[in-house]
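Residue-level listing of the chains:
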Amino acid sequence: MIETIAFTLNDQPVSLRVDSDRPLLWLLRTDLGLTGAKFGCGEGLCGACTVLVNNEAVPACQMSVKAVAGSDVRTIEGLAKNGQLHPIQEAFVAHDALQCGFCTPGMILRAYGLLVSNPTPTRQQIVDGMEDNLCRCGAHVRIVEAIQTAARALKGGTP
Amino acid sequence: MKSKTAQPVKQAVGVAPPASVTRREFLKRMGLLGGGLIVYATVGDMQAFARAAREGYKGAKVPVDFNAFLKIGTDSRVTCFVGKIEMGQGPITSFAQMVAEELDVLYESVDMVMGDTDRCPWDAGTWGSYSTRYYGVFVKEAACEAKGVLLELAAERLECPPARLVAQAGVIFDSNRPGNRVTYGELTQGRVIERHLKELPALKPVTEYAISGKSYLRRDAREKVTGAARYTGDIRLPGMVYAKILRPPAHGAKPLDVDTSAAERVTGVEVVRDGDLVAVLHPYPDVAQQALASIKAQYDLPQAGVNDHTIFEHLLKNAPSPVVVDQAGDLQMGQKKAATIVEETYLNSYVAHAPMETHTALAHFENGKLTVWASTQSPFGVQHQVAEAVGLSAEKVRVITPFVGGGFGGKSASAQAVEAARLAKMTAKPVMVMWSREEEFFFDTFRPAAVVKIRSGLDQDGRVAFWDFHVYFAGQRGCENFYEIPHHRESVYGEWRIAPGIHPFAVGPWRAPAANTNVYARDLHLNLMAAAAGQDPLDFRLRHLKDRRMRSVLEAVAQKFGYTSAKPPSGRGIGIACGIDAETVVAAMAEVVVDPKNGAVRVKRVACAQEMGQVVNPQGATIQMEGCLTMGLGYALAEEMRFDSGRLLDTNFDNYTIPRFSWVPKIETVIVPNPSLPPKGGGEPAIVCMGGVLATAVHDATGAKVFQLPMTRDRVMAALKNK
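Taken in order, these protein sequences are the chains called A and B.
So the first sequence is residues 537 to 695, counted in the working numbering.
So the second sequence is residues 972 to 1694, counted in the working numbering.
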């Protein structure tokens, strides 16, 4: 259905006249030009399209536009502030926690969602929390280490 | 010296020796022979191109002119051009190190341009762990010659004997008068350097390296963590549309009747047909996908054919005659000396590449020229394929390779680029083709299923008396013998790339093609022989090894792992495997726990040592090892494509399982230093051990011999019953 949908996107209010049944992923990637969320599987099975909706990590390919009406949506483009990387991003760079980088935005936002719900996770809790995000290059060990570093940098605070 | 100073002589083009024609055409194509060019010509130039262009594919050559590989800007920043692509394996960092080292500039002052057929020197493709060990030599030679020319130019400019000149961080100065200096940018003024050296100076000795051999973090990390990094699917052009293509339900299915009327009624949708190519186009991929789903198509399905259970019998029945790729001694004589025969058959399954980024391409015609952005491992290959498909000469096709979201060999084939180009031609619009995950699995060029049969014998002293190795359809790579075995033969029946009509779908190179299968079979078999001989598996291997490089990695991994001797199966769950891939020697040890109730294999830790000659970026090489070991858990334990009569039964990540966070063991890596050898491959070697190291670990834990990869729970349970 074509309707006006308003939500907050990366701290900015947006109001769009759209077919509200469309997947959020493709609205972001086409109409809004935010290509950080990637298409990987189309069924919410890989996590490459992970974004934050009200600080919860969700697959954008499984989220309709209408489902985010009135919500706070954050994509990878909205994580660094004034050119300053977020501590999770910094930790990914410092640990070389990526190779091809295609899963990386989703990994970082999944980690963000994890640290919102649990600011001081154990290693096992990180592994459990990241389980649904897939990486084919095999950067897993470094991703876990990067999240541990980020959690320490945030000192138990909100990401 | 001064008399030889450069003069602007554009006519130098006319006096260039014949061998430089390719180079000139190349420079022209790159737009480098434009107006206002200052040409540094000397008499010596007549001989400058005595070195022949490097051989290439379909007449293409890898140029020898260093200008093809690098350009120095007025600000002294260096742009390095390479035909290779960045798919995560890290050449964007290591090539920059190699250039900076050889040219004596700061690493930070090097920019990389990769995989652009208009701007970069030709390359066959990014595969085979060739980037550093093969193409890296070209890059180093280019930088080395460029520095030599810069030193000549500086000697003239500074009126200083060459012997007194020092090149450092992009500046050349007189060591007697450091104030007498000139920057690279001042010398070149951002232009092509038309002077060349008669002979290539010696490359910098490794003992003088300050940048190569030092660990650097990925230079593309910031772009990749902010979402700024552009992959093919992220390119946007005005008026572009997404194409969704009608696909058959099974390989071999033929469309009988296709009704596109419902799709045509969707607002804004364009339906195009060209023979078997039926596509739906819309500015939104999700709308195109919905419209595609409304197409009604009837197919003539293929007759019942092979499935993932019957495939092995099919392969053996249809095997071509073997090629003996390695042999020594006389097998019959070896058999006479054998007191114990060990004979087994090993199976390996089809596995998918499954990169996170599906095959994607964007094609755009403009002014008779076609530009294609493609996620590919072979931009120059795509250039030719696309040109042929749309009836253009290759020069009219430019292929640009943005960041590639994983390849592993699977993006050596790039059918999506041809589809995008054909559709762009038909519609006169920029067309993006981004395969769905189902298409990615369906059109993958799978690692072929394979069979290995090994017949071997032990003599009365517990030494290998003979070794008769037969590999069907995996291929040769990695099967050659490196042990001291007096009588052996390695026979190869079919390669991973040459098997027309054999496999039910396309097959191709999968990270270290053939070697994963060959090493799995060899190492499990060696452990069974060690068990039969009552010997420790490491000692058993070392007893048969003189090769110093292989011994060095086995000893290094044993030390890292804290290995102690025991006869298999020891109950400890410790495995061992080793091999040679891309000229690198590698060995691994692992510890597993097998759940006797359900056959689940949990990998507790893996250690891996490799010796790869000189290492450009130890951090990058280490990460490639970690990636190989992690990815290799998949083909060893879970990954296989199930299929029946041309239909694929696993079409997404819910049923085709790849390694996840919870699978990943403690990983330890060692790079055994050997600066006496030039760099060897790094992208693939460590993965070759994973099947063997885990199969031997499962055997050591339980006595179960798992003769088929992946070692699924069912197969482990069956092997436990059969032991």
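Note that these hints are calculated values from the structure, not bench results.
Beta carbons are placed, not taken as given, at the ideal position from N, Cα and C, and that holds for glycine.
A hint or two may mislead.
What the hints assert, rightly or not - Just the calculated beta-carbon pair ranges, DEER-fashion: (1) Gly1223/B with Asp608/A: 27 to 37 Å; (2) Thr656/A with Pro1226/B: 52 to 62 Å; (3) Asp608/A with Val1137/B: 49 to 59 Å; (4) Thr694/A with Lys1692/B: 47 to 57 Å; (5) Thr694/A with Thr1045/B: 45 to 55 Å; (6) Pro549/A with Val1137/B: 58 to 68 Å; (7) Thr656/A with Asn1626/B: 55 to 65 Å; (8) Thr1398/B with Pro549/A: 49 to 59 Å; (9) Thr1178/B with Thr694/A: 32 to 42 Å; (10) Asp608/A with Asp1625/B: 41 to 51 Å; (11) Gln1274/B with Pro549/A: 55 to 65 Å; (12) Lys1692/B with Asp608/A: 29 to 39 Å; (13) Thr656/A with Pro1644/B: 31 to 41 Å; (14) Asp1245/B with Thr656/A: 53 to 63 Å.
Going through the earlier hints one by one, which of them does the structure break, listed in rising order?
-> 1, 7, 8, 9, 10 and 12
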